[in-house]
Each structure stands twice: as structure tokens, then as C-alpha cells.
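Protein chains in written order, with the numbering used here: chain Y, 1 to 118; chain E, 119 to 230.
Among the hints, a few may not be true.
In silico lysine-lysine, BS3-like type, Cα no more than 27 Å apart, as pairs [claimed, not checked]:
#, chain 1, residue 1, chain 2, residue 2
1, E, Lys-160, E, Lys-175
2, Y, Lys-57, E, Lys-177
3, E, Lys-225, E, Lys-175
4, E, Lys-197, E, Lys-225
5, E, Lys-222, Y, Lys-57
6, E, Lys-160, Y, Lys-13
7, E, Lys-197, E, Lys-222
8, E, Lys-177, E, Lys-187
9, E, Lys-187, E, Lys-175
Source of the hints: derived by calculation from the structure; they are not laboratory data.
Residues per chain are reported as follows:
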Amino acid sequence: KAGVTQTPRYLIKTRGQQVTLSCSPISGHRSVSWYQQTPGQGLQFLFEYFSETQRNKGNFPGRFSGRQFSNSRSEMNVSTLELGDSALYLCASSLGEGVLFSGANVLTFGAGSRLTVL
Amino acid sequence: EDQVTQSPEALRLQEGESSSLNCSYTVSGLRGLFWYRQDPGKGPEFLFTLYSAGEEKEKERLKATLTKKESFLHITAPKPEDSATYLCAVQVSGAGSYQLTFGKGTKLSVIP
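With the rest of the complex left out, here is chain Y:
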């Protein structure tokens, strides 16, 4: 079956602009999470959505936002871009609920969207 699809794969923006990234989860997965990966900080949690509701949020400024649609697809938005926002943004999907040991809590990652801010 198809994996997690992220678009666009690469994009270049300038400071002050905004950007929207898209994620299509694995069919049947109801939870989508977003992570930021940089060489210095590694992978850091941004937020998690389940059935269109934000279930958890990481320690990022309000410029970072997201949403999930009824078909489980998700978008994240970064407004007023800063140079430090340059990173690989990763989306991951999971079943979102289920019995422990069933694999419901295993996150499957997409290939990421590489954002460069100039």
C-alpha cells in the first residue's frame, strides 16, 4: 500500500513569507504528526492530530500551525518565515488508537519537505 506522501519535496522561500506543507497519511491511519529536523537539534516534535483534533503540541512559537481534514490529510503552515526555520519537515502517520503491541502506536514517516529560507 502507498506510504506517507508529502508535498512539496523541496521549496525555497524568503524571510517574512509563509509556507504551507501537505501530508497524505497511509490509508486507514487517523493520526498525523509533524516533526522538524535540523542538523543541530535533530528531530523535534511540532504537533499531532487525531480525527481532526490537535492531540498534542510541541514547544514551537505560534507561527507554526497545523490542521487535519476529515479524510485524515494534514497541512502545516509557517508564517513570517525566519532563517532558522530552514529544515526538513517530516510528517508521520499512525493508526492513532488501538491495543498496545498491535502496532497502532508505530509512526510511519514520509520523505519530508525540505524548506530553505533565504
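Could you slot chain E onto chain Y? The hints should help.
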């Protein structure tokens, strides 16, 4: 605060030279410990989940083990195609979330 520390940061091995990667963690309550592999320009690829101390899982040349404070990823007779960054992550129980807290990773290079 949940913390995950991986060592070493980088490891160079000759093909066939077995070794282990370490992941030490501090969490309030562990739901699961995860190992992922990440190749350059790609997203992390799931390898294993371990749930309780004493548990072991194997896949080809990889074997993951778990204690109450750390996990090891043992690589037996590695091949050049095993070169990648290996990431360890913890998932906390009782949080109503599947958030992962990651270590910084170990970059493994296997030389032919």
C-alpha cells in the same frame, strides 16, 4: 523532562566488524522504545519497537535489546548497505499521545 542520549555520534566499521549502538533514556513512564534508520535525503524508516525490559527483537543483521535505562542496537557482520543514521526514540505512556522524543542519532559508516 524526557531525555534520550545516543552514543557514539558516529561510528566507522569495516565490513564484517560487529558492534553496538547505545541509547540511554530518562522518561516518566515508557510506552515503547523505537529504533529507526534514516538514509540521506529520506525520512526515518521504522525498524523495531521494544516495550519492556528484557525484550529483544531481530531483523537480518540487527538485534535490539532493552533494559530499564538503555537500549542497544547490535549490528552483526555489517555490510556497506547498513550505512545510515540510526535513531532511537521513546514514547511516553499515559499521555494520550503518540509523540516520539528522539535522540540525535548515530551515523554509521561501513567500509568495504
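Here is what the structure says about each hint:
1. At roughly 24 Å between alpha-carbon atoms, Lys-160 (chain E) and Lys-175 (chain E) fall within 27 Å of each other, so this suggested pair holds.
2. Annotation: proposed proximity of Lys-57 (chain Y) to Lys-177 (chain E) is violated, straight-line Cα distance about 33 Å (limit 27 Å).
3. Note on Lys-225 (chain E) and Lys-175 (chain E): the hinted pairing holds, with a Cα-Cα distance of about 21 Å set against a maximum of 27 Å.
4. Distance hint between Lys-197 (chain E) and Lys-225 (chain E) is fulfilled; the C-alpha atoms sit about 14 Å from each other, no more than 27 Å.
5. A C-alpha spacing of about 20 Å is found between Lys-222 (chain E) and Lys-57 (chain Y), which places the hinted pair at or below 27 Å, so the restraint holds.
6. Simply put, Lys-160 (chain E) and Lys-13 (chain Y) have alpha-carbon atoms about 21 Å apart, close enough for the 27 Å limit, and the pair holds.
7. Restraint check for Lys-197 (chain E) and Lys-222 (chain E): satisfied, since their Cα atoms lie roughly 23 Å apart, inside the 27 Å limit.
8. This hinted pair checks out: Lys-177 (chain E) and Lys-187 (chain E) have alpha carbons roughly 22 Å apart, not beyond 27 Å.
9. For the hint pairing Lys-187 (chain E) with Lys-175 (chain E), the CA-to-CA distance comes to about 17 Å; that is within 27 Å, so the pair holds.
Going through the hint list in order, the structure does not satisfy hint 2, though it satisfies all others.
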